Amino acid sequence: MIRPDMPTLEQARARYRVRSVRWGFYWALWCAVLWGAWYVPGTAVWYEAPFADVGTGGQSEFLLAAAIITALSSLAVLLFLFVWTGVLEKWGEYGRTIRQFRISKWYYLGAVFGGPCALFGSYLAIGYVGPVFAAIAALMYPVVGATLARLWYHEKISARAAVGITVILIGGISIYAPGLLSEFANPDGGAWLGYIGGLMAAVGWGVEGAIAGRVLDVSDPDVGITLRFTAEACYWIFVILPAIVLFSDADVMSLIVSALNFKVLLWILLSGASFGCCYVTWYKSFPLIGVGRGQAIAALYGVFAVIFLSIFTLNMPEWYFLIGLALTVFGGFVMFTERSEMLEVIRGTNPI
Amino acid sequence: MKKLHMKGFILRLLDEHKDGLWDYEIAQRVLAEYHHSGDYWHGEVRATLTDLFSGSLLEELEDRLDEGEYFGAGKVLVKFRLTPFGHRRMIESGLLLV
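The listed protein sequences correspond, in order, to chains X and E.
If you want our numbering, it's the 1-based position in the first sequence plus 88.
If you want our numbering, it's the 1-based position in the second sequence plus 912.
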């Protein structure tokens, strides 16, 4: 029965279109908030025993510490994603997607780039150079992701979206540039490993996003992200850590055992919660607004990282932060206000 | 035969119905296939169809206003069809054998 307060078909259609695109942006924005929050536990864990003392043992011990932190983090993320999958009643879908190996294999590949490459690289960058450098280095990842998505499967990147991505990047860099200079001036020993870590983060997350964009069109994002972290946890537990035990002289087991204390586990669990939720929202945004836009909006994490680190360290950001903030918000706005007709289909056989 | 995952099932359903299917017909079949019920799963199917449409795997044939029969009064009901790109993605991802 038609009620007088019911919208017309045109109104309902317009609302339907706008809503799906908006949800894509909302997911990506939540990703930015949670990603920014992650830098707090991600940095704090380095200040707890036994990781606070590893610098004295040379670079191999430092690398080992980063590997153990990343491995424990991936387990914490997986724990939260298992809860998430259960709450959404998607365990059946998880099993059915695993059986589609030609689909699930892409998540296993994405895990290599997102985990041992990007997340490990990011922890290296935090540990060797500092959280500011780690955050700015990874900010470059949307360029890698959007370029790959464009070349590989012809994702549509409008001129307006390209402008938005560029403005967000400039904004992100301007937030961090002065702090970056001071980190360059006072790097801890072995800073070059931190710089390589930053590069690994940008390339790793960019490639992972492009791979996810490819496979999410034929599978579920909530299940996909859980599969991706299942794979990463397996790589660390069954391949990488055993390989380190076998081929290095380091006492891996004793470092792991001493890491299992209350404070470290608390930070690791917090980092797992923030990063797990952040990854869910990241994957959910890609099918709706595309890898290029999803990654660029998520790159607003730079702003949130500064805010969260300021709150927890009680060091207020400098004045130039406002310039960077204005630029990144403006860049997001440029993309957000793009006409929804341009956005509703993110991929075409004839890319614009 | 082992069941497909939801997106795979929807894609194969639309491959079998070349003239397209309405979203409420797809929802009914998905819910029957996986023994689900309720608003949450209806919403999941609609969200999944939006994903597939955004990714150019599906195209819209026609739409009309829901008068309260399926998803709720005032919502848009959409009839979808598989695109040639969607067909190609099914072959690439092993959902269709050539």
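One should not assume that every hint holds.
[To be verified] Derived coverage of chain E by chain X (criterion: at least 3 residues anywhere in the stretch with Cβ under 8 Å from a Cβ of chain X; other residues may be distant): (1) 917 to 930; (2) 955 to 965; (3) 978 to 991.
Just so you know, the hints here were simulated from the structure itself, not pulled from any lab data.
Predicted, not measured: the structure shown is a model, and the values here were computed from it.
Even for Gly, the Cβ is constructed at its ideal location relative to N, Cα and C.
Original post:
So which hints don't hold here, by number, going up?
Top reply: Of the numbered hints, all hold.
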